[in-house]
Amino acid sequence: MVDLIKRAKELIETSVVKVLIGYEQGTANKTRALFVEKADDADRLIFDSRCVQNLAAYVTKKEVKEKGKMAIAATLPVMRSIIQLASEFQVNDNNLLVLGITPESKLIEFANLVEVETFVHKYEIEIDARNKEMLDKLEKMTQAERWKFWMDELSPCFKCYACRAACPMCYCSRCTVDFNQPQWIPVPSHELGNLEWHIMRAIHLTGRCIDCDACYNACPLSIPINLLTKKMLADAKEHFGAYQPSLKGDHLMSTYKPDDKENFIQ
Amino acid sequence: MSSDTHHSGIAGLGGEVLEHTEVKVSHCYQCGKCSAGCPLSEEMDYPPSVIMRMLQTGNPVLEDKVLRSFSIWVCLTCEMCFARCPMSIDIPKMMDFLREKSINEKKANPKAKEIVAFHKSFLDSIKFTGRLYEIGLFVDYKTRTLKILEDLALAPKMMKRGKLNIIPELIKDRSGIAAIFRKSNKKNKN
Amino acid sequence: MTLGFYPGCSLKGSSREYSESVLAVSKAFDINLEEIKDWNCCGATAAHNMNKELSLALPARILSLAEKQGLTEIVVPCAACYSRLTVTKHELSKDATLKAAVTEANGLEYTGSVSVLNIVQFLDKYITPNLENRVVKPFDHKVACYYGCLLVRPHEILKFDREEDPQSLDVLMLKAGATPIDWAFKTECCGAGLSVSRTSSVGRLSGKIIGDAKDRGAVAVIVACPMCHSNLDMRRDAINSYLGEKIDIPVLYITQAIGLALGLDRKALGLQRHFVKVTV
Amino acid sequence: MSKIGVFVCHCGENISATVDCAKVAETAGNYDGVAFSVDYKYMCSDPGQNLIKSAIKEKGLTGVVVASCSPRMHEPTFRKACAEAGLNPFMCEMANLREHCSWVHEKGEATTEKAIDLVRILVEKVKYNHSLNEIKVPVTKTALVIGGGIAGIQASLDIANTGHKVILIEKDPSIGGHMSQLSETFPTLDCSQCILTPRMVEVAQHPNITLYTYAELESLEGFIGNFKAKIRRKSKSIDEKLCTGCGQCTTKCPVKKIPSEFNEGLGKRTAIYVPFPQAVPNKPVIDRINCTYYIKGKCKVCEIVCPTKAIRFDQEDQIMEVEVGAIVIATGFTVKQPDFFPEYGYGKYPDVITGLQFERLASASGPTLGEIRRPSDDKVPEKIVFLACAGSRDPAKGIPYCSKICCMYIAKHAMLYQHKVHGGKSYVFYMDIRAGGKQYEEFVRRAIEDDGVNYVRGRVSRIYEKNGKLIVNGVDTLLNAMPVEIEADMVVLATAGIANEGAEELAQKLHISYDPYKFFAEAHPKLKPVETNTAGIFLAGACQAPRDIPESVAMASGAAVKVAGLFSQDELTREPIIAVVNRQAPPVYSSCVGCFLCVSACPYQAIEKEEIKNRNGELIKLIAKVNPGLCQGCGTCVAFCRTKSIDIQGYTHEQMYTEVMALLNEY
Amino acid sequence: MAEFEPKIVAFVCNWCTYAGADLTGTSRIKYASNVRIIRFPCTGRIDYMLLLKAFDEGADGIIVSGCHPNDCHYTSGNFHARRRWIMFRSLCDFTGINTERIKFSWVSAAEGAKWAAIVNATVTSIRELGPYTEYKKVAKYPEKEVTHG
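Protein chains in written order, with my numbering: chain A, 1 to 266; chain B, 1001 to 1190; chain C, 2001 to 2280; chain D, 3001 to 3667; chain E, 4001 to 4149.
Chain A on its own, in the form it takes in the complex (with noise of 0.2 Å):
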């Protein structure tokens, strides 16, 4: 990562960012976000194939968008993010530069936002092979036993919103599960409670998300929460066509087609 950590140098030296956004080593073979500020800093940049983490999830927090131009190493689920906050207007090229990490692990500077996109579309969202797996399996059950696999695996769920935190779709300062009045989703952390929470937030997903793992990830007890998603993932390339973040702004979900196909409203 010689290429990232001088170039990161360089842009913070020459102040076209204020802080770059990436990875580093930390505790028990963990990696950790880095933000780099000063250019020493940028000698503890790491990248391999631990860093997961979709480090967008940082770039709408107001703590590091105040600090001025943010520049971020940004791998290909992470750049995906990227598109789709700039289509919802929370990023522009004002306020983000993206070192891209291609598959290959090479970088790649991109001048602006519309040449990220560009490269984006050059891949299309696939949903792994276990995890396909994994639906095929669920699809496969009666609703009862659906039902009762999700009872099982929600009910240890005791709304540490660490899935929430950790997707940078999520950048709401006001998420539905917070509100009392009326109180959409019940407080306790009850199977019904977590349900409903889990199904608003992959309804507010669909269209959106961009397929990147971090809420499982960062879910302490490992709930498949991105089931969910991957399903609404599945669906949408089934009934709308593929899905793909873009710029343009013609959100899967705020968008129609006249013929859009059902068979099951009478």
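Because the hints were derived from the structure by calculation, they are not lab data. Every residue, glycine too, gets a C-beta built ideally from N, C-alpha and C. There could be a bad hint or two in this list.
What the hints assert, rightly or not - Below, a list of computed lysine to aspartate or glutamate pairs in the EDC-like style, where the Cα atoms sit at most 20 Å apart:
#1 K3023(D) / E3106(D)
#2 K2208(C) / E3026(D)
#3 K1106(B) / D1090(B)
#4 K3466(D) / D2215(C)
#5 K2142(C) / D2212(C)
#6 K2099(C) / E2109(C)
#7 K1157(B) / D2212(C)
#8 K1172(B) / D2237(C)
#9 K3625(D) / E88(A)
#10 K4030(E) / E3013(D)
#11 K261(A) / E4100(E)
#12 K3241(D) / E3134(D)
To be verified - Pairwise CB distance ranges (calculated):
#13 K248(A) / E3571(D): 35 to 41 Å
#14 G3060(D) / N94(A): 55 to 61 Å
#15 G2263(C) / K1172(B): 36 to 42 Å
#16 F4004(E) / G1015(B): 39 to 45 Å
We have chain A; now place chains B, C, D and E onto it with these hints.
Only chains B, C, D and E this time, still in chain A's reference frame:
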């Protein structure tokens, strides 16, 4: 408590017609198109639209007249009335039901004797052989109606042209056929 | 090629020339018609006039036998039998209770998988595509195509041709080289089931048909139903006495007319069996 | 603490016959926050409304629930009553005990229980209602009238005469509609063209009316007072400013055998044509489908003969946009072609014709100059048969409803025939004679008694041709269904009146409702016959249901008054049922995070971006903002917003949530 | 115990289905009284969370109904709604929520008879399914209410 829509039962023969054939006599608005197209309406005592009207009244006297009418027997089930009825009323299906009921209640019109006899002879022929045995049918029919002389000239001509079988065609599973007759007749009498 | 065949009672007796001509035409096109084994009468008008369940059970037995024999498509030249078989299929498909009762009475399994072809459907599907090439003696006459009742009605169930002014026979005859006339009695009833019991009615009804055909210059009437044929042919005396004139235009089965156009032997087509001499 | 009044209406016996109204009122009286509860026979009557008003004043009510009929019926009535008593009208809600309860369920405990539930839902909702103020929007005082038949002509003239501008568009080359095709009109037998053409000319000359013929509505946006309509002006292939209507082109056009639409196919026209001599405007159009030039690329005879060089072969359709404040739809009807009755032989026998064709035969301007001659051989028919209900009242092959005008025009046709063909015999086969109307029954009696028309009660089974005669097989149902066979020379079918082809698409462009037969739906069958469910759009004439001339004209004048009423104000008040984005104290300003996904969801482009700046003018935040003039209150954005930052007044999150809670608890 | 009477909540739009249900009344077509209608301006306004809330609070079945495609009073609210329903219904199915208990339909202002038919069909099918005990159980719905008949 909550109730699904329930249609009030129509009394009388019209109600029976509805129950057995799904034909609603109330749908008839007496336009007369059935009678106008019926090839046999002029031979009927009550043309089809009049039969419909009689059933609509729910008057037992008129209903009895319907079952005793000649009309229901002279109807050929040519389906013309149904084909042209603006209300899609299946009159032929209703006629089948009225005939069956008329026979069961022994109300068949005396003028229809030959027609009824012919049908009975026809069915008997099938009942015993499984297929129609035309000579048998003729002989049986003639015996039932005593109309020996009528059509007498026809048989030899048919014979000459090879159109009549001297020996009946017998199917193998005649007991099966008999069983069909037995079972459907039993239900019929209920 | 082999198809199922249900001749019905008339084709074994008074209308055997219909059967002969159907088989002759089929043979000319290398189609083998395999008769349903041990078939019974469909019950005809008599059954449904007298007893509904019987009127469904008898045809259902025929269809069950066809299924058992492994037939998927059966040709039913008699329009009356065709009507009964098709109506039965329709009734049993929409009423499971009735189906159960009928299966019970017959003691035979019935799934309703056999498709029933009337003579025109059969000809259209298997003969017409190659008919024009095979015509050697065009049936070059003005003909009145007579459909009667049971081939086209009730349309809701049969879904065959159109119920007023149908065209399928006309089209076939056109291909056989004939000139079908436009006339007014294509689907008017001939008197059918009353042939024996009320011959006078038949004289009047069939009389109007023959009269109109003749008035409009037809030299032959083309039919597809043995009942129509027997009324229009065998009852010609009654017809003529109703009309008060002697009309001698012959009545041919569609298969006889096509057979003639194909150059088949007149005897093989059973033309000698008619009451009104076939002069065309 | 709320003080809510509950007012349970018996609606005569419409509600009380199946619902125990006293029990409903009593139960509601015990709910938290309900200060007053009463049942009364007619809540919408004067004393009923006074009951509400005095309760508001005396008990100091903060909210009102009227449990009576559908809010679609009387919500304005009761809201107005509340306003008169000093309560904000939007603090009043209605529980639908009639259409949704008493009329659809049997009498019994369950029905009363449901009524109680319906009241409770609204009581709980009203606790979350807020006082709202109506929204004011400007009015564009120009009306768009669609369709230039008698209804459209009348509506245009009436509106124009109140001093307001009218844009009249007509899809055909001339205005006049079906009325211009008619010979005489019942029950007075005055000549249709004689009374119509002066009106047509008036339209063309009126300073307040802009007429576009050969033009159709392309699309419509906006709302009452502020519509934007796109109009497609189909190419006429002539320069209307240069054309003098001299007629050289139509005389010389070599394509002369096109069946004339105006003459219902009984006459012929040329490819460049004026539909009829009295057409307004009296200038030709080129029918490009039949014109030799457009088919083969050469001819141009019209261009050569035109003295003013007005022919424009390369003219294209024009789309123009107009702003209008109200719309009158007067697109009329069409007649169902009777070829779905093969038993009557229409299309096969030339002398079986439709009623509209007979009008052309009887019309002095028609192909026979008013003489009744049959199409096949031009002979005067000695025997003529008229069939009523050829398609009407025929669910099997036609339409189930009664076309209403046929009984009268058949009597007129038979009468005209008897007047024109002395010694002729006419027969009318009918099922019922429906002659309700001023002088209508007398008219039919005159046909029977004075003119000797033979009325036979029965439907005809079939018609066939024999030896040059049409054999008509019918029965006389008044004589035991005795067969009646008539050898006629001509048969006239009274074909059904049906909605225009394309009526459905037009309704969808206009966002108005239509009935199962595709006739446009009025807002209320009795009390709002010319209004549609979309404010500012009105109906006139036979586009709403089959109508005769006097009815069409009356409707048109009614619609015109509605438009004039609307235009009498400079501003309109609109219900404040619109979406709003929440605002909070700094530093949050709003829970909106500015993702603007709502912008693409909004059908009205009503959502804008609002910049929030600090005192120094620096941008702090971008949030969504709803333009109240454009928002129509569908709430699509509301259900879509993740942060629940947009809410819709009258159907807020709290209100809807409360309704669900109230409904299912204490069930 | 009396026959199970399901509680059914109908979420309908004001312009088509609410008006259609009015027409059912005006036409005096009778239907099962188990249904309670909640009026929304448009199907586009119907929040999917409200459907879950209805199940929370003890609904056994839900009807969601609005204008036919192309007929929306607001041009496209129903198109948006349809897309959401497609996804929401699929997600419900995936989480094991009984989607047979949510009936979606288009009922126009002219379809009074269709409204009655939809309600009756829903009541019949929900009656066969029985009370939605699975959901009520996790919703900690009071036991006595579950057996209410």
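Of the hints given before, which are not true for this structure?
Numbers 2, 3, 7, 8, 12 and 16 - these are the hints that the structure violates, sorted from lowest upward.
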